[in-house]
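Q: Chain residues, written in single-letter form:
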Amino acid sequence: MVDFGYKIQADRQINLDITNKALANFVKKHENSFNTCIGCGTCTATCSTAKFTDFNFRRLQLFIRRGETANVKAEIAKCMLCGKCQLACPRGVNTRNVIMMIKKGLEAHV
Amino acid sequence: MAKKVVVIGGGIAGMESSAYLAEMGYDVTLLEKEDCLGGHLRNWERLFPTMRLGQEVLDFLKLGVDTKVNVIRNANITKVNRIEKRFQVELDRGASFNADALLITTGYDTFDATKKEEYGYGIYDNVITSAELEKMFMEGKNIITPTGKVPKKIGIIHCVGSRDEKVGNVYCSKVCCVTAVKQAIELKEKLPEVEIYCFYMDLRMYGMHFEALYKEAQEKHAINFIRGRLSEASENMDQTVMIKVEDTLAGKPLKLSVDLLVLMVGFVPSKGTKEIGKMMGLEFGTNGFYKTKDQHTMTNVSNIQGVFFAGSCTAPKTITNTITDARAAATTVASYLESYDLEIRTKAFFQ
Ligand SMILES: Cc1cc2nc3c(=O)[nH]c(=O)nc-3n(C[C@H](O)[C@H](O)[C@H](O)COP(=O)(O)OP(=O)(O)OC[C@H]3O[C@@H](n4cnc5c(N)ncnc54)[C@H](O)[C@@H]3O)c2cc1C
Ligand code: SF4
Ligand code: SF4
Ligand code: SF4
Chain L
201 MVDFGYKIQA
211 DRQINLDITN
221 KALANFVKKH
231 ENSFNTCIGC
241 GTCTATCSTA
251 KFTDFNFRRL
261 QLFIRRGETA
271 NVKAEIAKCM
281 LCGKCQLACP
291 RGVNTRNVIM
301 MIKKGLEAHV
Chain C
5 MAKKVVVIGG
15 GIAGMESSAY
25 LAEMGYDVTL
35 LEKEDCLGGH
45 LRNWERLFPT
55 MRLGQEVLDF
65 LKLGVDTKVN
75 VIRNANITKV
85 NRIEKRFQVE
95 LDRGASFNAD
105 ALLITTGYDT
115 FDATKKEEYG
125 YGIYDNVITS
135 AELEKMFMEG
145 KNIITPTGKV
155 PKKIGIIHCV
165 GSRDEKVGNV
175 YCSKVCCVTA
185 VKQAIELKEK
195 LPEVEIYCFY
205 MDLRMYGMHF
215 EALYKEAQEK
225 HAINFIRGRL
235 SEASENMDQT
245 VMIKVEDTLA
255 GKPLKLSVDL
265 LVLMVGFVPS
275 KGTKEIGKMM
285 GLEFGTNGFY
295 KTKDQHTMTN
305 VSNIQGVFFA
315 GSCTAPKTIT
325 NTITDARAAA
335 TTVASYLESY
345 DLEIRTKAFF
355 Q
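Order-wise, the sequence lines are chains L and C. This note's numbering applies: residue 201 is where the first sequence begins, and numbers increase by one. This note's numbering applies: residue 5 is where the second sequence begins, and numbers increase by one.
The hints are simulated quantities; they were obtained by calculation from the structure and are not laboratory data. Incorrect hints may have been included.
In the DSSO-like style, the derived pairs of lysine-lysine whose C-alpha atoms are separated by at most 27 Å in a straight line are [stated by the list, open to error]:
(1) C:Lys178 to C:Lys224
(2) L:Lys251 to C:Lys248
(3) C:Lys256 to L:Lys221
(4) L:Lys284 to C:Lys170
(5) C:Lys248 to C:Lys178
(6) C:Lys259 to L:Lys278
(7) C:Lys256 to L:Lys251
(8) C:Lys256 to L:Lys303
(9) L:Lys278 to C:Lys248
For reference, chain C alone in the conformation it holds in the complex (with noise of 0.2 Å):
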């Protein structure tokens, strides 16, 4: 008989580890808590760096799970028994799945930006947040903001609830800079009289063709990066946003109105992150996501024996790297249920 695989969250990782599982041979179920499968991804217009839908990436993960991998949704964990080497999933309906390997794919959520008090949001009704702006891109409608204005300047703000010790969050979120690059080109690209201004600290392009999109978006669409992290933002009496930085480049305090503006929210692990963790005892890491047992060596690797991970609940990750990381950890469970033996190079050089 086929061994057995519970993969638990049913976004890009869970999706892409499942297909390949599956193709493998192995009797896959995944446990997805909400009605539908994609995670993130179906709140997402287009997609950096190549400008591709998202619903494209969707349906592309969607047949990898078609017809071979056991999909349940609404599914709600309430624990998880571990006998001898095998476990047993169960959920509040009383359904339960046994499994040879778990492989844990429950994501990240975006940083709740009421937390940074002093950008405003839930403040002022003119500060929204990145993902917000992607539902407007979603729905499809005309960009106004909240307070209904067609918008003639826009402020975009990088790193809101990462590498910022007052929120406890130092590590970068690795796609909000580029995010930003797109959002930017896409609001240009809809309201053409726009004025875009995206302050940062460091502007973090590493990806191949991020780079590309970072001088597209300055040289067609003329939108300006000022290097400056917002210190507070406050409401005008016709309800703009009154932002202040140090340009410091220039080397001098600037202020700007805004009649928009947009915080680009990090990555912090999902609350089904969290609790899936608390509940079997998977180690976390500083950070607060799940630690892997070797940063090198044993990516998808967890402290507990046939438990696995794969996507960002272990670190923020884009969708290229969470389908790669998804397709290595399946290539990790297939080579643990065959007995092979995952921790030996590692023990043999670092432990």
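Looking at chain L on its own, in the form it has when it is part of the complex (with noise of 0.2 Å):
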């Protein structure tokens, strides 16, 4: 057969009707305020992490809400808890709590 150069390639769409939602519920239940960022980015923005690597803490919690977890445990582990970003934070969201609940979501393999 003649090679048209052409490959199947895989789907790369947030499927919301399929999203695994679980990690995002752990930490949901277990911090409230963890549904109440609006992306601002002010906790990036302040993030010493942030500036030196890719670790990217809003952007972090929207993939968890999306349910794209594959990276979370590598991405997660970067931060180095210091709390900058819950100074920072206009919602109030208690980000090293929601930290602290991703990694312990993580290991509870939800």
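Assembling the complex is the task here: the two chains are given apart, and the hints tell you how they should meet.
A: This is the structure:
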């Protein structure tokens, strides 16, 4: 057969019909402020880790909410738990507890 | 004899409601604590969304109170007595005024930006507020930074003192997004070479024509809109101001040095609003503004019978909103004075 160079690509869309909400639900259950994030990015702007790596706490929370959890474990390990983000957040998200609950949720294999 | 209304606060709301009540035939006294009328409007050079001069609206309002309203300036209210269904308002200089109804129009103050210490206002010279920028426009001088430079880069920060639990103000101040767009356009018209960056969380262009003004800012003036909220500002050696945000649409932290940083300060209840409220026992809502009896159906009605509200003392409002609210309040006061039961339908449905 002639090879036209076409490949079947994996579907990259977030599929909200089958999304895995287990981790998001776990974090939400143990830290209610998790859902009040408005994605303003103040946490990431002030975060020393975000300055030097591509760790991004705002985006990580969003990915968890969308069920995109494949890289969460490696990502969350980069956080130093310094708490600067918590001082800056205009929505009063308890970011440090969110981070702790993400870690706990991962341990519990949710 | 005509029934008496005393209106407290001679800003837009107080002026326009007084004009309407006087035209309806009531005996209206307007008490203003400053030596002139107009409130904040006196400080704004051009107005969104039309770019009309603030002075023109001021002249329009003045015409309404010039002849039929008894205007008392420098009025320092010390006491408000209630005698059955009537009121008596006392001033420090001994004068007192009787009223069958009171209308409170004591307005707002701009947020004190020194409370947001990490933004550097009052610490770094080149950080100013939107109200101070408006003052520069008003004075008609060339735009230079407080340290004496013609700015090449200007940053505009939205939501300063609004939508921020850390300062205790969770509400949106409603006018600052479009004020930012307006001021950015004005700066660009005065300094065509300047680069302007607006940093926002959400752009709230809800008003008729606001979106068009936003588009004009992009299309005609190449103003940059970056979705991200300032975490902190710091001063560089050359007194420019370094700002840090996350460019949330790019998904990366971003830094930028600007010659001038303009903070879009939000609304807080004015000192006068707090004082009069405490003096009279008026109810405040969770955000510290006066609480209206029902958010849909009794927007100008207070918890005290015969006392009404208009304008930004109940919530942040644009001038359009304020004028509309003032006329609504005039109607409400008149209805009350004509013995129309203001509460009956609300009670039937919602209480
Ligand atoms: C930077 C900035 C720019 C703006 N630009 C625009 C614009 O372009 N277009 C627009 O539509 N809106 C604009 N606004 C909004 C506008 O300023 C308000 O809508 C308007 O001022 C509200 O009028 P007001 O009468 O309710 O209150 P105020 O303007 O606050 O007036 C209240 C009055 O009451 C008096 N007072 C207070 N306490 C007492 C007391 N105890 N006794 C007697 N008198 C008292 C005060 O001295 C004052 O005169 C802007 C706001 C800001 C912050
Ligand atoms: S600062 Fe708070 S609201 Fe803003 S993105 Fe971070 S967690 Fe969300
Ligand atoms: S606690 Fe973690 S996410 Fe927050 S600022 Fe510190 S390193 Fe960044
Ligand atoms: S109008 Fe815009 S700048 Fe003002 S508080 Fe609301 S969102 Fe923030």
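Q: Now, for every hint given, state plainly whether the structure supports it.
A: So, going through the hints one by one against the coordinates:
1. C:Lys178 to C:Lys224: 24 Å, holds
2. L:Lys251 to C:Lys248: 10 Å, holds
3. C:Lys256 to L:Lys221: Between C:Lys256 and L:Lys221 the Cα gap is close to 25 Å, so the pair holds against 27 Å.
4. L:Lys284 to C:Lys170: Answer holds: L:Lys284 to C:Lys170 is near 13 Å, not above 27 Å.
5. C:Lys248 to C:Lys178: 24 Å, holds
6. C:Lys259 to L:Lys278: At roughly 22 Å apart (the allowed maximum being 27 Å), L:Lys278 and C:Lys259 satisfy the hint.
7. C:Lys256 to L:Lys251: It holds: about 9 Å lies between the C-alpha atoms, which stays within 27 Å.
8. C:Lys256 to L:Lys303: Between C:Lys256 and L:Lys303 the Cα gap is close to 23 Å, so the pair holds against 27 Å.
9. L:Lys278 to C:Lys248: OK: L:Lys278 and C:Lys248 at ~21 Å, within 27 Å.
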